[in-house]
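Visitor: Residue-level listing of the chains:
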Amino acid sequence: MTRFTVNGERREFNGDETMPLLWYLREEAGTKGVKYGCGIAQCGACTVHVNGAAIRSCVTPVSSVDGAEITTIEGLADGENLHPVQQAWIEEDVPQCGYCQAGQIMAVAALLENNPEPSDEDINNGVTNICRCGTYFRLRKAIHRAAALKKGGA
Amino acid sequence: MAPLDTPAPSRRAFLAGASGLLISVALPVKSRAQSGAENVLGGGESGENLFEPNAFVRVSPDNTVTVLIKHIEFGQGPWTGLATLVADEMDADWSQIKAEHAPSNAQLYANAAFGPIQGTGGSTAMFSSYELMRKAGATAKAMLIAAAAARWGISSDSISVSNGVVSHTGSGRSATFGELAEAASSQTPPENPTLKTPDQFIYIGKNVSKLDTRDKSNGAAIFSLDVYRDGMQTVVAAHPQKFGATPASFDAAAALRINGVEDVKQVGDAVAVYARNTFAALKGRKALDITWDESAAETRSSEVIAQERIDAVKNAGATANESGTASDALDSAATTHEAEYVFPYLAHAPMEPLDGVIERTEDGGVEVWMGSQIQTGDHMAIAQVCGLTPDKVKLNTMLSGGSFGRRAQPTSHFAVELASTFMAAGGQTPIKLVWTREDDIQGGYYRPLTAHQLRGGLDADGNIIAWEQTIAAQSFLAGSPFEGMIQNGVDATMVEGAAPIPYSVPNFKTSAHIINNPVTTLWWRSVGHTHTGYAVETFIDELLEKAGKDPVAGRLALMSEEHARLAAVLQRAADMAGWGRAAPEGRAFGVAAVESFRSYVAQVAEVSIENGVPHVHNVWCAVDCGVAVNPEVVKAQMEGGIGYGLGAILFNELTLDEGGAVAQSNFHDYRSLRISEMPNVEVEIIPSTAPPTGVGEPGVPPIGPAVANAVRKLTGKTPRRLPMIKDLQA
Numbered sequence: 001m002t003r004f005t006v007n008g009e010r011r012e013f014n015g016d017e018t019m020p021l022l023w024y025l026r027e028e029a030g031t032k033g034v035k036y037g038c039g040i041a042q043c044g045a046c047t048v049h050v051n052g053a054a055i056r057s058c059v060t061p062v063s064s065v066d067g068a069e070i071t072t073i074e075g076l077a078d079g080e081n082l083h084p085v086q087q088a089w090i091e092e093d094v095p096q097c098g099y100c101q102a103g104q105i106m107a108v109a110a111l112l113e114n115n116p117e118p119s120d121e122d123i124n125n126g127v128t129n130i131c132r133c134g135t136y137f138r139l140r141k142a143i144h145r146a147a148a149l150k151k152g153g154a
Numbered sequence: 001m002a003p004l005d006t007p008a009p010s011r012r013a014f015l016a017g018a019s020g021l022l023i024s025v026a027l028p029v030k031s032r033a034q035s036g037a038e039n040v041l042g043g044g045e046s047g048e049n050l051f052e053p054n055a056f057v058r059v060s061p062d063n064t065v066t067v068l069i070k071h072i073e074f075g076q077g078p079w080t081g082l083a084t085l086v087a088d089e090m091d092a093d094w095s096q097i098k099a100e101h102a103p104s105n106a107q108l109y110a111n112a113a114f115g116p117i118q119g120t121g122g123s124t125a126m127f128s129s130y131e132l133m134r135k136a137g138a139t140a141k142a143m144l145i146a147a148a149a150a151r152w153g154i155s156s157d158s159i160s161v162s163n164g165v166v167s168h169t170g171s172g173r174s175a176t177f178g179e180l181a182e183a184a185s186s187q188t189p190p191e192n193p194t195l196k197t198p199d200q201f202i203y204i205g206k207n208v209s210k211l212d213t214r215d216k217s218n219g220a221a222i223f224s225l226d227v228y229r230d231g232m233q234t235v236v237a238a239h240p241q242k243f244g245a246t247p248a249s250f251d252a253a254a255a256l257r258i259n260g261v262e263d264v265k266q267v268g269d270a271v272a273v274y275a276r277n278t279f280a281a282l283k284g285r286k287a288l289d290i291t292w293d294e295s296a297a298e299t300r301s302s303e304v305i306a307q308e309r310i311d312a313v314k315n316a317g318a319t320a321n322e323s324g325t326a327s328d329a330l331d332s333a334a335t336t337h338e339a340e341y342v343f344p345y346l347a348h349a350p351m352e353p354l355d356g357v358i359e360r361t362e363d364g365g366v367e368v369w370m371g372s373q374i375q376t377g378d379h380m381a382i383a384q385v386c387g388l389t390p391d392k393v394k395l396n397t398m399l400s401g402g403s404f405g406r407r408a409q410p411t412s413h414f415a416v417e418l419a420s421t422f423m424a425a426g427g428q429t430p431i432k433l434v435w436t437r438e439d440d441i442q443g444g445y446y447r448p449l450t451a452h453q454l455r456g457g458l459d460a461d462g463n464i465i466a467w468e469q470t471i472a473a474q475s476f477l478a479g480s481p482f483e484g485m486i487q488n489g490v491d492a493t494m495v496e497g498a499a500p501i502p503y504s505v506p507n508f509k510t511s512a513h514i515i516n517n518p519v520t521t522l523w524w525r526s527v528g529h530t531h532t533g534y535a536v537e538t539f540i541d542e543l544l545e546k547a548g549k550d551p552v553a554g555r556l557a558l559m560s561e562e563h564a565r566l567a568a569v570l571q572r573a574a575d576m577a578g579w580g581r582a583a584p585e586g587r588a589f590g591v592a593a594v595e596s597f598r599s600y601v602a603q604v605a606e607v608s609i610e611n612g613v614p615h616v617h618n619v620w621c622a623v624d625c626g627v628a629v630n631p632e633v634v635k636a637q638m639e640g641g642i643g644y645g646l647g648a649i650l651f652n653e654l655t656l657d658e659g660g661a662v663a664q665s666n667f668h669d670y671r672s673l674r675i676s677e678m679p680n681v682e683v684e685i686i687p688s689t690a691p692p693t694g695v696g697e698p699g700v701p702p703i704g705p706a707v708a709n710a711v712r713k714l715t716g717k718t719p720r721r722l723p724m725i726k727d728l729q730a
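From first to last, the protein sequence lines are chains P and Z.
Residue numbers for the first sequence, in our numbering: 1 to 154.
Residue numbers for the second sequence, in our numbering: 1 to 730.
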């Protein structure tokens with residue numbers, strides 16, 4: 001039996017130990033903002049937080065998250081108050097197709113927790129999610145804006 | 001393609017009940033077929049456009065104005081762009097505007113640029129809808145005013161509308177759109193509502209916030225993958241590893257032992273695993289033991305296929321465009337120059353691989369949720385597979401995780417597979433069919449592997465007197481329902497951008513060879529322009545260099561008045577980049593300008609070589625797309641087009657190994673551009689009053705040649721066997 005929380009809600013799992021967290025979150029926990037993109041930890045569309053760290057849920061077995069607090073895009077905002085990264089995404093109108101953006105936002109939110117003012121080099125090394133629409137230029141601007149919003153007490 | 005067999009609603013029909021106002025308007029949109037893609041879908045330039053009624057606006061009593069968008073939204077912006085047109089003409093408040101996909105209905109929602117077919121492609125959404133959607137908004141506004149005039153017993157002339165409120169200054173009375181919705185439904189729509197003049201625009205040309213951004217930033221946006229129906233099975237199918245192979249036999253025993261796997265069936269040339277959840281379906285597929293019949297399969301390597309095309313372009317093919325006598329002029333030229341290019345197979349690799357859901361409805365029909373890009377074709381295909389009349393098929397167009405051409409399928413192959421999978425299992429249990437990334441990368445429908453041969457001639461004064469270009473590739477129209485659109489041996493999607501070119505050359509010839517094989521191919525973002533733009537813009541750069549001319553001034557001198565808009569973006573991009581200044585140490589500038597899909601884009605790239613790979617630091621981009629309805633969307637499409645095109649030109653090729661199997665399978669060996677490789681991009685939009693044209697594709701073609709021209713300055717040679725990493729490391 002694996003016990004953990006998803007967006008604050010207690011959950012238990014005793015199914016197939018090899019099931020990736022991605023499919024559990026989408027099909028059992030109902031957090032469909034977590035997306036499938038490659039299944040091999042390359043693209044990051046499935047990025048969620050496990051105890052605050054950004055991980056790629058497509059290669060993370062559910063059985064490995066016993067006792068963990070898991071946060072998905074659905075749980076990132078504080079009620080009606082968007083997370084500064086989400087706010088920055090809206091202000092810069094980052095998304096195009098939008099399919100990768102939940103993963104991007106989760107990756108950036110975790111980055112800013114550890115590095116509140118990332119340099120461009122830090123961003124290059126810290127945000128490796130793929131966006132096939134090529135929103136990277138705007139995404140970088142939004143990361144800097146999110147850092148400023150966060151610092152400003154948002 | 002036959003029109004849908006559904007009763008045609010009458011012109012001006014009110015399709016909504018008492019809940020609100022739904023407006024239909026009809027107006028002709030004169031189209032000029034330019035892209036080959038559009039030629040195909042529209043059945044060619046017949047000179048006739050269908051003038052069918054359309055239904056685009058819904059005003060609800062809760063004061064929401066819903067704009068029905070007939071084009072699929074996968075990031076290129078039609079939800080916001082087309083809603084902007086309606087909102088502006090209505091004088092609505094932007095905060096009351098919502099967008100949703102229109103249903104699949106060719107009568108109501110045909111793409112005027114295609115003919116009687118609902119679909120998206122060729123960057124036509126704004127071009128084909130500009131007047132149509134404005135008229136829809138103006139009609140709605142006129143009817144709301146008429147309703148207010150009747151209610152208040154005053155003349156319409158004394159009523160004004162602003163920010164979604166209808167008011168009469170004299171009496172101080174006012175009402176919201178929602179309050180007037182029901183009354184407006186009984187008003188007669190004006191035959192020709194007055195459209196605004198550009199100085200009256202409140203949203204067009206401004207930057208309204210995108211309608212889909214919030215839901216795409218909080219996980220709420222629903223894609224096809226997110227559709228779950230009660231009792232639904234998820235299906236993952238094993239597709240042939242070689243193109244043209246079919247299952248000879250299979251053993252499903254091991255797959256069926258997996259917990260959650262419920263059934264295994266052959267569906268077409270695939271073996272489908274039906275399961276209670278996606279993970280079980282994936283495990284089931286892995287456990288299948290399939291023997292493939294490869295007797296009709298492509299078993300040659302892509303090296304061999306490429307060589308076949310290289311051999312072909314050594315001789316002229318079917319003539320696509322000709323003036324003067326290129327061969328004679330080449331013989332008499334003081335200097336000649338030759339170049340041979342090979343463009344690899346490319347997958348589109350949208351973030352969301354192909355997927356869709358189908359279920360039986362209570363009336364015995366089916367309902368389908370998928371990212372349909374040619375709704376009419378998919379709709380008909382589903383009806384046919386399910387043995388239904390089209391009116392029994394409800395096709396919901398879903399937000400989709402990119403496409404870049406992948407979802408625009410002349411053969412409706414995904415819709416066919418989805419419906420076939422459903423019917424093979426009895427046609428009662430709801431089915432979600434999911435393609436994995438491996439299916440996406442290895443499943444074909446690639447940009448065709450294409451070879452170009454160019455020959456150019458200069459006279460003693462350095463004037464370009466001859467240009468001869470020969471192209472060889474597969475035709476993705478051949479073997480499709482649109483095969484008849486290949487005219488005189490020339491597939492327009494193969495030669496667009498090369499026949500003719502924007503440069504005045506007195507002796508000119510472009511010809512093409514169609515060489516087909518079992519590898520399935522498809523249009524890839526900007527279609528023929530992806531390779532013709534690269535070949536033309538690198539070759540002209542080399543010819544100008546041989547003539548001792550500047551790349552910008554030399555191009556401008558060769559552009560006639562007919563190409564004034566292309567010349568203007570070239571000049572603007574050059575000015576933005578400070579063309580003529582020395583590049584920073586170790587870097588070089590390259591330039592390219594391409595007209596595609598009626599829009600004009602020029603880009604200057606600043607490039608260095610880092611560890612054998614070009615690194616692009618900055619791109620200056622000028623675009624003329626007529627009226628820029630939403631300048632930020634236009635800029636975002638240029639930025640994205642540059643990122644998409646750059647990743648492909650630097651890194652991407654799909655190869656077939658010596659047995660014909662695709663060597664790449666996922667993003668680890670079919671790499672995508674990442675943020676560290678994205679240049680800074682500065683975009684300027686040329687102010688224009690011309691009708692708006694496309695932006696989804698035109699940002700792509702110039703980036704490859706702009707980078708290549710800079711690489712040539714750094715290394716002495718143009719990468720001609722793509723991708724660049726392969727060429728530079730060869």
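Hints should not be assumed to be uniformly reliable.
What the hints assert, rightly or not - Derived pair list, reagent style EDC-like, types lysine to aspartate or glutamate, alpha-carbon separation capped at 16 angstroms:
no., chain 1, residue 1, chain 2, residue 2
1, Z, LYS394, Z, GLU362
2, Z, LYS726, Z, ASP293
3, Z, LYS713, Z, GLU632
4, P, LYS141, Z, GLU677
5, P, LYS150, P, GLU117
6, Z, LYS726, Z, GLU610
7, P, LYS151, P, GLU121
8, P, LYS141, Z, GLU362
9, P, LYS141, Z, ASP391
These are calculated hints, taken from the structure and not from any lab test.
Visitor: Take the hints in turn and mark each one as holding or not.
Guide: Structure-based check of all given hints:
Distance check on the hinted pair: Z:LYS394 and Z:GLU362 sit about 12 angstroms apart at the alpha-carbon level, within 16 angstroms; holds. Restraint check for Z:LYS726 and Z:ASP293: not satisfied, since their Cα atoms lie roughly 33 angstroms apart, outside the 16 angstroms limit. Restraint check: the Cα-Cα separation between Z:LYS713 and Z:GLU632 comes to about 33 angstroms, which exceeds 16 angstroms; the hinted pair is violated. Distance restraint check for P:LYS141 and Z:GLU677: the Cα-Cα separation of roughly 15 angstroms lies within the 16 angstroms cut-off, and the hinted pair is therefore satisfied.
Of the supplied pair hints, the one linking P:LYS150 and P:GLU117 holds, its CA atoms being roughly 10 angstroms apart against a limit of 16 angstroms. As the CA atoms of Z:LYS726 and Z:GLU610 are separated by approximately 14 angstroms, the hinted pair is consistent with the 16 angstroms bound. Simply put, P:LYS151 and P:GLU121 have alpha-carbon atoms about 20 angstroms apart, too far for the 16 angstroms limit, and the pair is violated. Taking the CA atoms of P:LYS141 and Z:GLU362, the gap is about 50 angstroms. The hint is violated against a cut of 16 angstroms.
Proximity of P:LYS141 to Z:ASP391 is assessed by CA-CA distance (about 48 angstroms); at most 16 angstroms being required, the pair is judged violated.
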